[in-house]
Amino acid sequence: MSGHVFHPGHEALHGITVVLDDRDGRTYVGRYHEATPRGVMLHDVAVREAGAAALDREAWLKRQLKFGVQVTHRTLLVPQEAAVGPLTRLTDLML
Amino acid sequence: MPYDERLVAPMRAELTGLGVKELRTVTEVDQVLGDPAGTQLVFVNSVCGCAAGSARPGLARALQSPVKPASVFTVFAGQDLEATARARSYFADYQPSSPSVALLKDGEVVYFLHRYQIEGRGPEAIAAELNAAFSAHCAA
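Sequence order for the protein chains is A and B. Going by this note's numbering, the first sequence wraps up at 101, each residue one higher than the last. Going by this note's numbering, the second sequence wraps up at 747, each residue one higher than the last.
Just so you know, the hints here were simulated from the structure itself, not pulled from any lab data. Fair warning: this is a prediction, and the values are worked out from it, not measured in the lab. Misleading hints may appear alongside valid ones.
[As the list claims (entries may be wrong)] Pairs of lysine-lysine residues, derived as DSS-like cross-links and limited to a Cα-Cα distance of at most 25 Å, are as follows:
{"#": "1", "chain 1": "B", "residue 1": "Lys675", "chain 2": "A", "residue 2": "Lys72"}
{"#": "2", "chain 1": "A", "residue 1": "Lys72", "chain 2": "B", "residue 2": "Lys712"}
{"#": "3", "chain 1": "B", "residue 1": "Lys675", "chain 2": "B", "residue 2": "Lys712"}
{"#": "4", "chain 1": "B", "residue 1": "Lys712", "chain 2": "A", "residue 2": "Lys68"}
{"#": "5", "chain 1": "B", "residue 1": "Lys675", "chain 2": "B", "residue 2": "Lys628"}
{"#": "6", "chain 1": "B", "residue 1": "Lys628", "chain 2": "B", "residue 2": "Lys712"}
[Unchecked claim] Partial selection, computed: residues in chain A whose CB lies under 8 Å from chain B:
{"#": "7", "residue": "Phe73"}
{"#": "8", "residue": "Val75"}
{"#": "9", "residue": "Leu96"}
Ideal placement from N, C-alpha and C gives every residue a C-beta, glycine not left out.
Turn these sequences into a full structure, and let the hints guide you.
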C-alpha cells in the first residue's frame, strides 16, 4: 500500500479487495468493510472451502486474480476468533 | 435499482466527452461487439465514487496515447442493465465487476482490468496499466 486512503475517513483497506484465511482452512476474497470485535466484514466475497475445493489454494487465488472475484456472498462476517493471519490486498499476492 | 439519471449523467458525459461511444441497448451492443474487427475496448462504467472516480480519468489519460484501441465503448452497470449484461456476454469468462475494462482483439479478450485492480489506485496508475495493455495489443 502506498499510504493512499481509498475511502477518506475510513481505514486504509476500506473498499479494497483483500484475502483472509480462517482456522478451518477457508480462504476468503472480498472487499474489506471493517474489523470489529465480532470479526471482519467483507462485501462481494468468494470463499474457498478447503475440503470441497477443486483447486488448491494457490490455483484458486490465481483464478480469482485472472478472471475476477467469483462472488458467492454479498456480505460476510469472518468471526474474529476464526481469522488467521493478516489481511492481504489481493493485488499484493505473490503467486 | 438504477440511480436518478440526473446523478449519472455527468458520469456518462465524462466518457462520451472523450469520444467514447456509449452503448445503451442490446442492439447497440450487438452491432459493434457482434461484428468484431481489430481492437475494441469496453469500459464498464459505475456510480462507485472512488473506483470509477479514478478509472474514468485514468481512461481519459490512457487514450491520449497514440497507441490505443481502434474503438472505445462504454456501458453503464446498474443503469443500462440489459446493455451491460449483453456486453458482459462478450467477455463471459470474466466475473462481472464495475468499474472494469475489457480489451478485445478480433473478438477475443486479450486484457481485462478488474475492479479489484482499480481500487485504491489513482488515475495515473490506471492510465499506465492501460497504456501497457495498449502497447502490448494495439500497436500496429
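Checklist line | Which numbered hints fail | finding: Structure breaks no hint.
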